[in-house]
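The chain contents come next:
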Amino acid sequence: MARRGATEYAPAVTNRPLVPAKDVWRRPGGLSRWFSRHWLEVAMVAPLFLYVFFFMLVPVAQSFYFSFVEAGTQNVTLGNYREIVNRSQFKDAFINTLGITAIGVTMEMVIGIVIALMLARGFRGRGLFRSIVLVPLGVPTLVAGAAMLYFIGFNGYLNEILRDLGIIDVPVYWQQSGFRGMFAIALADLWKATPLVVLILLAGLEAIPGDIYEAAGIDGAGGWQKFWHHTIPLLMPAITMALILRAIDAFRIFDIALVLAGQAIPVMSSFVYFDYQAGNTNTASAAAVLLLFMIVVFVIAYIFLVERRAEVER
Amino acid sequence: MSVTAAEPQAPEQATVVREPGRGFAWENLGFWLLAILIGGVLLLPLYVLFKVSVSSLADATAPRPSYLIENLTWENWQRLLAWEIIGPPLQHSLIVAFGTAILAILIAAPAAYVISRLPRGTRYLIVLSLLFTRMFPEVIIATPIASNFFSWGLNDTNLGLIMAHLIRTLPLVAWVLVGTFEVIPRDLEESSAVDGAGRIGTLVRIVLPLALPGIAVAGIFAWLDSWNDLLYAIYLFLTERTLPLITYYYASRGTVTDVATFSVILAVPVILLTLVLQRWIRSGYLSGAVKG
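Chains R and W supply the protein sequences, listed in that same order. Residue numbers for the first sequence follow my numbering, so the first one is 1 and each next one is one higher. Residue numbers for the second sequence follow my numbering, so the first one is 1 and each next one is one higher.
Think of the hints as simulated: they come from the structure by calculation, not from any bench. Treat the hints loosely; a few may be bogus.
Among the chain R residues that face chain W by a calculated CB cut under 10 Å, a handful are [said to hold, decoys possible]: (1) GLN62; (2) GLY156; (3) ARG252; (4) VAL259; (5) TYR276; (6) SER285.
Just so you know, even glycine gets a beta-carbon here, dropped at the ideal spot from N, CA and C.
Using the sequences plus the hints, can you model the full thing?
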């Protein structure tokens, strides 16, 4: 075991295996010998792991604790959860978050695939087009929300463009709860997040070997067939990664919703913030725990449903 | 006979090896129109922000907004760039962004180096769990962090905000840096060790210079992340302001021209940095992660 580890790699900080042997605890003096060889590695790793533990994992545990105790008495209770699910503001936040995620991520994936396919072709001006596509990636999320203020406002550009195109006669009031509000927030998210989707999908496209296309072309497969039967299945790992990353971020959406609509269109994160701001740390924590629960359920469900089915088809 | 049999194959072959976009065929016209449309739509919000920031309030709130810049005025810029308004939030934002970037590198780089030298299985496990911390909604962390920091007197301080930003930044920076250190060949370290350099000497003189580009990219990521943050700032800063915070307050009060001006101030350094970063955010950079 020790020999194999030593030949496998020989980094500067050690020439012995970093991962202690399984029986290091039982061997007399095993632990202290391991530590005396590897104190430098331990010292290098410790700050990161301690920071993540104390400032990320401990606060999450604290939130769970807050959510299950009664404000003031500290008695264990489910009352915080019971209270928020009965609040209409919370129901709106829950539905808005699901709606924004569904609308936003769907649009991002479709438009992302189109742009990635365009960029995968070699054409003159590709570099410039790529730069333009990546610009929103750098725009602060808050600014994406602020920019959308001028589009979705009653006198905004979205109404103006739709009127000039003759699609609507009377301006639409977008900043209201319900489908319009979700769409408006998803639109801002779309602008900000599509570049990331494009980057991930483009990386996936470039990993597809070109001779598969040539073989498909010789077999006489048309463009659409080629796309549906060759590109999409081969792109599946990239699609999964982009979709999960984007959905997680869409569930956590905060800046855009806050700037665009404040409390008028609540989402889960902004509900937690305003509830905390109002002094209800315990119910705010309960909502935050439910948001975490939504994300975990989504990720597990996606991996089980989509990945399993893909494996069966293969 | 054999010649005529080969004849119809020629155009078929040509379509297979054709490289689209070379030359100007009619079928490419649709492609170009789509490219121009997408590019235009993506740049439109930035143009509108700039346009509103150089319009008077009356023009910006007109019932039918104009597409072109009319009656250009720098009045908003002159008013908001006064040091009493822009100074304090700009100072906070800059100190916190640089502080976050430097501390993130100091904490994450040594750890990332050690992780990159671990056996493959352990390494992936650690990197994946770092990525999965993204699943925690930030509000679930920010709520207790805010109450802890208030009792420690860290609210409204740059240090408190730096510490909060590190929570989100460290996993990202560590992830980028593990990728950086992974590709530095171990033979170099071995030969340096043979030459008699100590363990720390090898790290500083051999590994560090090779990793500098990656460290710079990770640092810029951290800087951007901190510069853009609204969530932790809104939780922790009650009397002081950062740039995103002051933008948000103007937005909730509703002076549209001021919001646009602050947004442009906030976005310009970020867009410039991202354009610089594009040399490194190549799609190939992410492909390793996609292939898993």
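Worksheet item: Quick one, is the GLN62 (chain R) hint okay against chain W at 10 Å, beta carbons?
Response: Holds - the Cβ of GLN62 (chain R) comes within 10 Å of chain W, reaching about 4 Å at its closest.
Worksheet item: Can the hint on GLY156 (chain R) be confirmed by a CB-to-CB distance to chain W that is less than 10 Å?
Response: holds, 7 Å
Item to complete: Would you settle whether the hint for VAL259 (chain R) is holds or violated, based on the nearest Cβ-Cβ distance to chain W being less than 10 Å?
Response: Since the shortest Cβ distance to chain W is 5 Å, the answer is holds.
Worksheet entry | Hint validity - TYR276 (chain R) Cβ closer than 10 Å to any chain W Cβ | holds, 5 Å
Worksheet item: Holds or violated: is there a CB of chain W closer than 10 Å to the CB of ARG252 (chain R)?
Response: holds, 5 Å
Worksheet item: Can we keep the SER285 (chain R) interface hint, with Cβ of chain W closer than 10 Å?
Response: holds, 6 Å
When held up to the earlier numbered hints, the structure conflicts with none and fits them all.
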